[in-house]
Structure formats: C-alpha cells, structure tokens
Amino acid sequence: MSETLNLKLKVWRQKNARDEGKLVDYTLEGVSTHASFLEMLDVLNEKLIKQGDEPVAFDHDCREGICGSCGVMINGAAHGAQLGTATCQLHMRHFKDGDTIVVEPFRARAFPVVKDLMVNRTAFDRIIAAGGFISVNTGSAPEANNLPVGRETAEAAFDSAACIGCGACVAACKNASAMLFVGAKVSHLAHLPQGQPERFRRVTAMVAQMDSEKFGSCTNTGACEAACPKEIKLTNIAQLNRELLRASLCR
Amino acid sequence: MTNSIPFLRTTIGKKMLVGLSGLGFAFFLLTHMAGNLLLLVGPEAYNEYSYKLTSTKLIYLAEAGLVLMFALHVFLTIQLTAANRAARKTPYERGAGGPKRTSFVAKTLILSGLVLLVFTILHLITFKYGTVYTVTYGTTEMRDLYTLVVEKFREPGYVAWYVFAMLILGAHLSHGVSASLQSLGLTTVRNCTAKKIGWAFAALVTIGFIIQPLYLFFSGGAS
Chain A
1 MSETLNLKLK
11 VWRQKNARDE
21 GKLVDYTLEG
31 VSTHASFLEM
41 LDVLNEKLIK
51 QGDEPVAFDH
61 DCREGICGSC
71 GVMINGAAHG
81 AQLGTATCQL
91 HMRHFKDGDT
101 IVVEPFRARA
111 FPVVKDLMVN
121 RTAFDRIIAA
131 GGFISVNTGS
141 APEANNLPVG
151 RETAEAAFDS
161 AACIGCGACV
171 AACKNASAML
181 FVGAKVSHLA
191 HLPQGQPERF
201 RRVTAMVAQM
211 DSEKFGSCTN
221 TGACEAACPK
231 EIKLTNIAQL
241 NRELLRASLC
251 R
Chain B
1 MTNSIPFLRT
11 TIGKKMLVGL
21 SGLGFAFFLL
31 THMAGNLLLL
41 VGPEAYNEYS
51 YKLTSTKLIY
61 LAEAGLVLMF
71 ALHVFLTIQL
81 TAANRAARKT
91 PYERGAGGPK
101 RTSFVAKTLI
111 LSGLVLLVFT
121 ILHLITFKYG
131 TVYTVTYGTT
141 EMRDLYTLVV
151 EKFREPGYVA
161 WYVFAMLILG
171 AHLSHGVSAS
181 LQSLGLTTVR
191 NCTAKKIGWA
201 FAALVTIGFI
211 IQPLYLFFSG
221 GAS
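Residue numbers (this note's numbering), protein chains in the order written: chain A, 1 to 251; chain B, 1 to 223.
Please note that the accuracy of each hint is not assured.
What the hints assert, rightly or not - In silico DSS-like pairs for lysine-lysine, Cα to Cα no more than 25 Å straight-line: (1) Lys10(A) to Lys50(A); (2) Lys107(B) to Lys52(B); (3) Lys115(A) to Lys50(A); (4) Lys10(A) to Lys89(B); (5) Lys47(A) to Lys115(A); (6) Lys96(A) to Lys8(A); (7) Lys230(A) to Lys52(B); (8) Lys195(B) to Lys230(A); (9) Lys107(B) to Lys214(A); (10) Lys47(A) to Lys10(A); (11) Lys10(A) to Lys22(A); (12) Lys196(B) to Lys174(A); (13) Lys174(A) to Lys50(A); (14) Lys214(A) to Lys10(A); (15) Lys8(A) to Lys22(A); (16) Lys15(A) to Lys47(A); (17) Lys174(A) to Lys128(B); (18) Lys89(B) to Lys128(B); (19) Lys174(A) to Lys107(B); (20) Lys52(B) to Lys195(B); (21) Lys214(A) to Lys89(B); (22) Lys174(A) to Lys195(B); (23) Lys115(A) to Lys196(B); (24) Lys174(A) to Lys230(A); (25) Lys107(B) to Lys128(B); (26) Lys47(A) to Lys96(A); (27) Lys152(B) to Lys22(A); (28) Lys115(A) to Lys22(A); (29) Lys15(A) to Lys89(B); (30) Lys22(A) to Lys230(A).
To be verified - The calculated label-pair distances, taken between Cβ atoms and stated as ranges, are: (31) Arg9(B) to Glu155(A): 45 to 55 Å; (32) Leu68(B) to Glu54(A): 38 to 48 Å; (33) Pro193(A) to Leu53(B): 52 to 62 Å; (34) Ala203(B) to Gln51(A): 58 to 68 Å; (35) Ala160(B) to Glu54(A): 53 to 63 Å; (36) Gln51(A) to Gly97(B): 23 to 33 Å; (37) Ala71(B) to Arg151(A): 24 to 34 Å; (38) Thr138(A) to Leu68(B): 46 to 56 Å; (39) Ala129(A) to Phe75(B): 41 to 51 Å; (40) Ile134(A) to Ala86(B): 58 to 68 Å.
By construction, these hints were calculated from the structure, which means they are not laboratory data. Note that beta-carbon positions come from the ideal geometry of N, C-alpha and C, so glycine has one too.
Bound-form chain A, shown alone (with noise of 0.2 Å):
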C-alpha cells in the first residue's frame, strides 16, 4: 500500500444558504494514508489558501469522534462508507490511489446549508429544548446509591446516551427522517428513573417539534442506523414509538 494518494475530489461549493452552489473538482496530490478525512480537507484548504482561493467550510470540532459536530457525505455515504465511524476518525487509508470522491453536505430540508459543506442542525437543538432533559435542582450532587439503576437498565440506556446529534441518520435517510435521533434521546431517559416525571410530556413535545421542523416519517429501511457513528439501533424507533403511544393513551 502506497503512503500517499493522488485523488480527485468534487466537492460541494455553496457560498451562502441562497446560493445554489455545485460540485468543483479539485485534485489533490500526496495525501498521507495516516490523515483523516478532515485533515486531508486542511491540506486541500491549505492549498487554497496559496492560491487565493476561498478554503472549503466544514463542521469540526473536537476530532475524537464524541462531539458529533463533524459530518459530510463522502461517495453518498454519511461519514463514509466505514461503519460506526464518524468522519473525523474515517482515515484516508479506507480510500485508493487515483480515487474519486464526493464531497456533498448532509442535505435535509430541516438542515438549510450555511456554506459549502456545512449545515445548520440547530431543528435538533430546537428538539433537544422541547423536551430532552430532565428537570433537577442545581447545588451539590446527590448521593448516587439514592436512585438504584440496574445494570442491564443502565447498559440499555447508555446505549441510546451514545448518541452525539450528529444528524448523520436524517442525511442517510431517504425521507430526511429524524427519528432515529429523537428515539435515542426519548430511549435514553425512558430508561432512566430522572426521566420518569416528565416521560410524556417529553415524548410529546419532542415529536411535536420534529414533525413542525418538517423532518421526514420513518419508513424503517435501516439507513440511519447503517449511517450512525455511535451505532445507534433501529429499536430506538420502536420505542419512540411505543411511547409515543403510551403518553398518548395515559395522559
């Protein structure tokens, strides 16, 4: 395996949420099979920056693959065709000599693109503030032996905690459905006794505010769960669902 690559890369150019933005070739010589996706697109920046030209924008932050704030699709896949891997930690590596590859954002009606490769994902935000937390008194820290949490209940919700509301599932989603999102956060304090005074309430008020962001429904074809780079289940789903259902039935 050679230690560098030549690619060629279309990359979505988009100069504001008005603009309507296209695919621009670049090529890109001697990329190090050790970088990762975001730092072979800091050399192609760098390369753009000596011409004069304007830097692609993309989302990053913490690059460890834990704070969901990275995210493109690369050759139709969200993050790339890896699995569990956001696309921070997707290494060049994964991609050939002489590949092409397209760089398109995660595209959804509810995530209006900024600029270039970067969207405005604040609809989840907006879903996380309608019911997505639990409500405590701030001071010092309660005793932790007072709420027993079993382990399989505890194991169970940190799966659904995984989650980091990088929107990966609504891009792989042919509907730009959010549910597999909405599930993880309804999933994770479902399971939790903090989450239990305000279960329906929560339920309620989050899938209202999905479905007014103008999300898709779910049409349970499993992309979003393939997308995820926490490897969020499909089962989530069937829980929203049921609670969906149950606050509805007992309120």
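Start from chain A and add chain B according to the hints.
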C-alpha cells in the same frame, strides 16, 4: 405548557395506522390465499366455498372493513410520501454503496404498492365483477367462479402478469410486515425476529398465490 399534536396527526400516529391497516390487509391475504387453495381440490369444493362466503350478510361488513383499510393505507402512504419527498429538496449526487446501502425493496415500497393498487382494481374487475357463469350442485344454483378462474389462468399473458404481481406483493410484504411491527413499536432489543416473521409471511403468501395459476395453467384445470 408543552407543545403537542393529537396522536393521529403526528407522523408516528399516521405510520401506526399505515402499519395496522397493512397488517389487517396482510391477514386478509393469508385467508384469501388459504381459501383459494381449494382451486387445487376441484370445482365443487371451490364453488361451494365461494358460495358460503358470499351468501352470508357478514360479507358486507368484511368488505366495508377491507375497503376502509385499503383506502386509509393508500391515502396515508401517499400523504406521507409527499411529505417525505419534500423533506429533502436537493437530491444527492451519489447514493450510498457498500455497507451503508439500503435495500431496494425497502426504498421502493410506495412503487410496489402502486403496482398492487392497479392489480387489486383489475383483479376485482376480472373476478368479482367478471363474467357470471352458474352451476348447480344438488338443488342449489350458485356462481361458477371456478370456470372463470380456469378460463383466465389458461391465458399465458394473464398468468405472467398475475405471477409478476404476486412477486411484487412478496416484495411489498417482505418489508411491509416487519416495518409495520416496528412502526407499532413491537420490536425490542433485537429486531431480527420481526424481519424473520416478515420474510416467512411474505414467502408463505406469495408461494401460496403463485402455485394456483401455475397449477391451473399446466394442468388445464378440471372442467
């Protein structure tokens, strides 16, 4: 004060209705397929069954239920599909390949459904509202549906279209049944059970329906 939408107006509530009506129709298909296997027994068995089924008053209730479920299923899926298409204005340049590719059948349920909608209408015209032959067993005169079925299933073109439509039905059910179970929240920790149930059900119904025209076509049927 929290925001809320009446359950049946949420996308989740609508999906549950789609799932319920779909499962209701799937159950009907199972009974329809099983009943029609009497075609393989002979004309008298089939015609007697058909006569018993249609001579009770309950048939009107059952038919009304089927029409209602069918209309609800079609209306809601078209409404949801329109909203889903609107949820992404700019399409992607490229679709996902490799491990992140999703099943073609799952993505095209609305299209297989459309074929089934056309098939169902034609199916009712051909058989339910088709030529009425009569036959008398003992003292009872009844509709000879068997003769009409055999007449149709002797035409190679009709058999080909019928088998094609049943394969489409199989594809629709192979995703639809498990997806309905998921929409209704009936899948837990592992969702492979729902998938297996869906596949087994689709295979059973499809094979059962396909055997009938093929048997009558190749045997010529009893006259």
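Each hint tested on the structure:
no. : hint                              : in the structure
1   : Lys10(A) to Lys50(A)              : 19 Å, holds
2   : Lys107(B) to Lys52(B)             : 40 Å, violated
3   : Lys115(A) to Lys50(A)             : 20 Å, holds
4   : Lys10(A) to Lys89(B)              : 20 Å, holds
5   : Lys47(A) to Lys115(A)             : 19 Å, holds
6   : Lys96(A) to Lys8(A)               : 11 Å, holds
7   : Lys230(A) to Lys52(B)             : 57 Å, violated
8   : Lys195(B) to Lys230(A)            : 23 Å, holds
9   : Lys107(B) to Lys214(A)            : 20 Å, holds
10  : Lys47(A) to Lys10(A)              : 15 Å, holds
11  : Lys10(A) to Lys22(A)              : 9 Å, holds
12  : Lys196(B) to Lys174(A)            : 24 Å, holds
13  : Lys174(A) to Lys50(A)             : 38 Å, violated
14  : Lys214(A) to Lys10(A)             : 29 Å, violated
15  : Lys8(A) to Lys22(A)               : 16 Å, holds
16  : Lys15(A) to Lys47(A)              : 19 Å, holds
17  : Lys174(A) to Lys128(B)            : 38 Å, violated
18  : Lys89(B) to Lys128(B)             : 43 Å, violated
19  : Lys174(A) to Lys107(B)            : 8 Å, holds
20  : Lys52(B) to Lys195(B)             : 36 Å, violated
21  : Lys214(A) to Lys89(B)             : 12 Å, holds
22  : Lys174(A) to Lys195(B)            : 20 Å, holds
23  : Lys115(A) to Lys196(B)            : 44 Å, violated
24  : Lys174(A) to Lys230(A)            : 20 Å, holds
25  : Lys107(B) to Lys128(B)            : 32 Å, violated
26  : Lys47(A) to Lys96(A)              : 21 Å, holds
27  : Lys152(B) to Lys22(A)             : 55 Å, violated
28  : Lys115(A) to Lys22(A)             : 12 Å, holds
29  : Lys15(A) to Lys89(B)              : 18 Å, holds
30  : Lys22(A) to Lys230(A)             : 30 Å, violated
31  : Arg9(B) to Glu155(A): 45 to 55 Å  : 35 Å, violated
32  : Leu68(B) to Glu54(A): 38 to 48 Å  : 58 Å, violated
33  : Pro193(A) to Leu53(B): 52 to 62 Å : 54 Å, holds
34  : Ala203(B) to Gln51(A): 58 to 68 Å : 59 Å, holds
35  : Ala160(B) to Glu54(A): 53 to 63 Å : 58 Å, holds
36  : Gln51(A) to Gly97(B): 23 to 33 Å  : 32 Å, holds
37  : Ala71(B) to Arg151(A): 24 to 34 Å : 49 Å, violated
38  : Thr138(A) to Leu68(B): 46 to 56 Å : 53 Å, holds
39  : Ala129(A) to Phe75(B): 41 to 51 Å : 34 Å, violated
40  : Ile134(A) to Ala86(B): 58 to 68 Å : 34 Å, violated
Comparing the model with each numbered hint stated earlier shows that hints 2, 7, 13, 14, 17, 18, 20, 23, 25, 27, 30, 31, 32, 37, 39, 40 do not hold.
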